[in-house]
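J.: Below are the chains, spelled out letter by letter.
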Amino acid sequence: MFDLYLSAVIFGLTVSGILFLVSIGISIGFGLMRIINMEQMVYYTFGAYMTFALVSSTGSFILGLIAGTLVAATAGFLVETQLLRRVYGKELMFTMVVTFSVFMIGIGLVQYIFGLASKPVGMPFRVLVPIGGAQVPLYRLVVFVIGMAMYVLIWVFLNKTIFGKAIRAGIENPDQVQGLGINIRKIFTITFVVASGLAGFGGALNSPLVGVAPYMGFDMLLFAFITVILGGLGSIKGTLVSSLIMGQVMSVGGTIYGPLAFVGPFMVMFVVILFRPTGLYGVKGRAFGFEE
Amino acid sequence: MNQLARYIRGPLILVALLIVARYLFPNKMTFFWEVSTFGIYIIANDILYGYMGMVSFGQPFYLGVGAYAAAIYLAHIGHNIFIAISLAILAGLVTGLILGPAYIRLRGDYYALINAATCAMGLFMVEKVLYPITNGDDGLWYRSSMHQTPFLNLKMPSDVFWFTMIILGLVMIFYTWLDRSTLGAAFRGMKASESKMKFLGYDTFKLRWLGYTMMCVLAALAGALYAINYGFVNPSISEPARAAEVLVATLLGGPGSVYGPFFGTLAFLGIKDIVSAVMDRWELAVGILTIIVCFYFEGGVWGTIQTIGSKIRGQTIGSKIRGRTANQTGAVSIKTAEDGKS
Numbered sequence: 011m012f013d014l015y016l017s018a019v020i021f022g023l024t025v026s027g028i029l030f031l032v033s034i035g036i037s038i039g040f041g042l043m044r045i046i047n048m049e050q051m052v053y054y055t056f057g058a059y060m061t062f063a064l065v066s067s068t069g070s071f072i073l074g075l076i077a078g079t080l081v082a083a084t085a086g087f088l089v090e091t092q093l094l095r096r097v098y099g100k101e102l103m104f105t106m107v108v109t110f111s112v113f114m115i116g117i118g119l120v121q122y123i124f125g126l127a128s129k130p131v132g133m134p135f136r137v138l139v140p141i142g143g144a145q146v147p148l149y150r151l152v153v154f155v156i157g158m159a160m161y162v163l164i165w166v167f168l169n170k171t172i173f174g175k176a177i178r179a180g181i182e183n184p185d186q187v188q189g190l191g192i193n194i195r196k197i198f199t200i201t202f203v204v205a206s207g208l209a210g211f212g213g214a215l216n217s218p219l220v221g222v223a224p225y226m227g228f229d230m231l232l233f234a235f236i237t238v239i240l241g242g243l244g245s246i247k248g249t250l251v252s253s254l255i256m257g258q259v260m261s262v263g264g265t266i267y268g269p270l271a272f273v274g275p276f277m278v279m280f281v282v283i284l285f286r287p288t289g290l291y292g293v294k295g296r297a298f299g300f301e302e
Numbered sequence: 004m005n006q007l008a009r010y011i012r013g014p015l016i017l018v019a020l021l022i023v024a025r026y027l028f029p030n031k032m033t034f035f036w037e038v039s040t041f042g043i044y045i046i047a048n049d050i051l052y053g054y055m056g057m058v059s060f061g062q063p064f065y066l067g068v069g070a071y072a073a074a075i076y077l078a079h080i081g082h083n084i085f086i087a088i089s090l091a092i093l094a095g096l097v098t099g100l101i102l103g104p105a106y107i108r109l110r111g112d113y114y115a116l117i118n119a120a121t122c123a124m125g126l127f128m129v130e131k132v133l134y135p136i137t138n139g140d141d142g143l144w145y146r147s148s149m150h151q152t153p154f155l156n157l158k159m160p161s162d163v164f165w166f167t168m169i170i171l172g173l174v175m176i177f178y179t180w181l182d183r184s185t186l187g188a189a190f191r192g193m194k195a196s197e198s199k200m201k202f203l204g205y206d207t208f209k210l211r212w213l214g215y216t217m218m219c220v221l222a223a224l225a226g227a228l229y230a231i232n233y234g235f236v237n238p239s240i241s242e243p244a245r246a247a248e249v250l251v252a253t254l255l256g257g258p259g260s261v262y263g264p265f266f267g268t269l270a271f272l273g274i275k276d277i278v279s280a281v282m283d284r285w286e287l288a289v290g291i292l293t294i295i296v297c298f299y300f301e302g303g304v305w306g307t308i309q310t311i312g313s314k315i316r317g318q319t320i321g322s323k324i325r326g327r328t329a330n331q332t333g334a335v336s337i338k339t340a341e342d343g344k345s
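Protein chains in written order, with the working numbering: chain A, 11 to 302; chain B, 4 to 345.
For lysine to aspartate or glutamate, the following DMTMM-like pairs were computed, each having C-alpha atoms within a straight-line distance of at most 25 angstroms: (1) K158/B - D141/B; (2) K201/B - E101/A; (3) K131/B - D229/A; (4) K129/A - D140/B; (5) K129/A - E242/B; (6) K100/A - E301/B; (7) K275/B - D229/A; (8) K247/A - D229/A; (9) K100/A - E197/B; (10) K100/A - E248/B; (11) K131/B - D141/B; (12) K199/B - E101/A.
These stretches of chain A come out as covered by chain B in the derived footprint (C-beta under 8 angstroms, 3 or more residues): (13) 231–240; (14) 275–282.
These aren't lab readings, by the way, just hints derived from the structure by calculation.
Note that beta-carbon positions come from the ideal geometry of N, C-alpha and C, so glycine has one too.
Here chain B stands alone, though its shape is the one from the complex (with noise of 0.2 angstroms):
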């Protein structure tokens, strides 16, 4: 039981933070649902990024995967919203299936640009090639086709906000499950020195595949949320320009943290909020702030509020939270003394 509460205690917190918030600022309530809808798209990368170290340039197009396959079927086959958002998990993980195996083999910067060839791909056949089908840049519209359903109406936002509600409290319980798991060690263990952990006996190609797979089916989970929040889908949700949003916001939180995600999507968001009502865009702000996050705060937002809490509350609980990170440092150590070899 006490291991049980471990996992959930921490998701717990940040959705009633959420919840609370949304209360506080009921004008703002499409802004937190965006924050955890665009948060389990960013715990989706940060599997990849953070945990991997893989770095990709095409997410977008997982995002979209998910939203178009919800978006189709809606569109044309069905009423169900709930058997909409299993065919977009379902879609995610024939994604991951099928692309994993040619993908995962490349090497960290040619992983991050086929991504990007294929988002650009995705784009063209959503536009040209499957134009029956998804209307091409107009977009499909299914508002009217979606049936209400039990309990939480979908067809609602403000009901669409709970259920997101829920499903972003699992998929952080997923997450922080993953965290402290050895498949989670067995990630960072691979992002430090792959030839080791085969060395070890672990089958790093399936272990990769795995992960790329978990990425895929999150990304489509929350393009799947996006669709049915919005009533309508066009290809603007796996534009390529869209990719660099996902790495900065990955990057601000602190890749490779459990809560990192979490405020990294809150951070951006709420930078992207603000500075939009300064400026008109929002790149120039962002792109300093990334800068000034890689050179100086490298845990980012999340590593910076541990160091400062820790800092806090003394050594006696800082040593809870060394203990905590222990395969961090495990890994560390790898690196470093194969850093000395070479």
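Bound-form chain A, shown alone (with noise of 0.2 angstroms):
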């Protein structure tokens, strides 16, 4: 029983690294670019896919995962620069809405590309590791540990560098950023490529344990918002916390009851908007009345 549950502490802990990954864009293009991404999960099916296709055809896990990252850059670049700039200070629903054409868009092109039907992907190791009892897979350990390193990276990109300084004085306020001369255009571009980057990582990581399908981000999409919402939009740290909060709810919950990992994370986004709309560290995150 124990080492049932030991096992899916570990598994919760996969989730989260995966879920760290996909939501940090979908919280920074709200807190830098007041747009609502919801076509952050393109990348991760453009990432899952590439490795998808590089791994079968090359057998190179490593291969897949540099593809899979670049190639979900170049398309947040593409996004970006032809469509998103048209976009920046118009009204939520509008953003939403395009955001949401683009996702369907890129679901579109994987299904005329890679067909309608859900596929494997091989995992690149196989090793087991015994843990308390447990035979935890190496991989889900990894691609923990590789989404902690990545906060690290984030964080110290943030704080350290001038650069991640001007994105923080962006989240705070554009309008003054733009004041002292910094060109904030280019700062959108380069962070959105970077979260896009990020997303298609999370999903070419994500690709052995859970296949690929053209439908695979749009529960994904669910639970990033949900992840991001529970942290409070804007916030990486908040991102963090609750993606291992999420991670753990679904893979516990699911263990003891099988539904539960589907539901669970609804239910947590269910309470949080209606008793706590902030999020655990949101500031910006006024639920209440419409006016801005």
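From the two separate chains plus the hints, produce the assembled complex.
T.: Given below as structure tokens:
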């Protein structure tokens, strides 16, 4: 019994790592650009499918990881420069609908190229590590460690480099940053490309665990939104903490009672929105009242 | 009398067009039936999105409430189809009255997401928790337990078509009335600026609640029509993944206009019908189309028809159209003043 729950906790940590990688884009997208990024999961899907394509053609997972990240970042660059620039500053509803259509186009492209069926992706290594009586796949631990390492990297980037400081200032007040002579548009583009690259990276890492399917981004989109709302919009630390919580809710909850793996997160979101709409670390998430 | 004709003329013409089309293309009856039912569903969403400016990602939940209310009655309790429809409407009403006060206080994006959460939880309830009643993924089958009804035999799809036409006509007359009434103007005003509406003395909470409940009732009615025509219901009717269809169809038609939902439904289902004959799935086409509509045709199909129509008919009649949308122009000017201030 104990080892069952132990392995559930470790599985949950893996889920947390993936969730953290894919929800950063949504969190920063709201904090910095004030748009609701529904299409973030296109990059997740692209990353996963590139890994699938390269693993099944060349057999090298590392190559797939790199290609997935690069393709996702390129897609993010194209979408940001060609489309999203026209959307900044419009009302939230408009950004939601436009980015959601980008998401649909992404799903359509994937279906057009790779077909409708879901496909498995080969595990890069199949080593099992014994921890406290439970046999845990090493790959799952690696995914968690990579997720945490990414958090540290992002933290250092945001707090120790001048560019990261500009981004943080932009989250506080974009107009004043512009007034200081910093090109905020350029910051938007670079941040967006990095975030979409991270989402693609998350998709590539997750593909051996869940396989690939055209609609894989849809459930992940809802889970990522729940993570971001629980953590507080625009807060990186909040995203980390809430992704750790969500991972356990999905994994341990799913072990106690199967369907909780899917519904548990929604219950969490339900309670959070109704009773603490700012999330754990949010300052801006004022959910009540329509006027900004 | 003239007043009444103003509300009735447009809806009657559209319903007559559907009926004519159904006899011109006899083997497309299901398609035209779906246009009318889906149309009611889109009208429900448009009250929320087009008039009050609230996006919801969980519309299939409200459709499912109606469908399951009718289905559970027909499968377990009774046989009368009209009671089933009334129960579905009642279920929508109760849902709106109970969930309303909690949800409508939320800001736009939170409102959209809590609806997505509601939809996912509704699916879970139907699939797992209420399994003894709803039969989970297998769905409820009850065509044999439906009793025949007088005048229109609702066990026959061809008679359900006529019944749906009557319902669609009534809903559209109601919707036309809403568009031209003070209530509709208040909804639009709330979309433009809620604080100004409060200042004018409107209780915006109650208005929002009313609009939300209207949406619930109409969506549940559409769900009941689906349930009766198909003779079975399964959880796929309220899948969260289908929430996108509703938004796209609303946007395509032109949100916040009288005939927008109708033309949006026609365009959306038509494109889906044509595209799915050429390609496996329709996401790509619908996604590209939505972006084009978002950026270049803000009024949607109906808005474009209106613009072209007023250009053809010239300025004299064009000014009449402009006069009718005075409410909207008023709302826009309030908004511009506010933008200038901030």
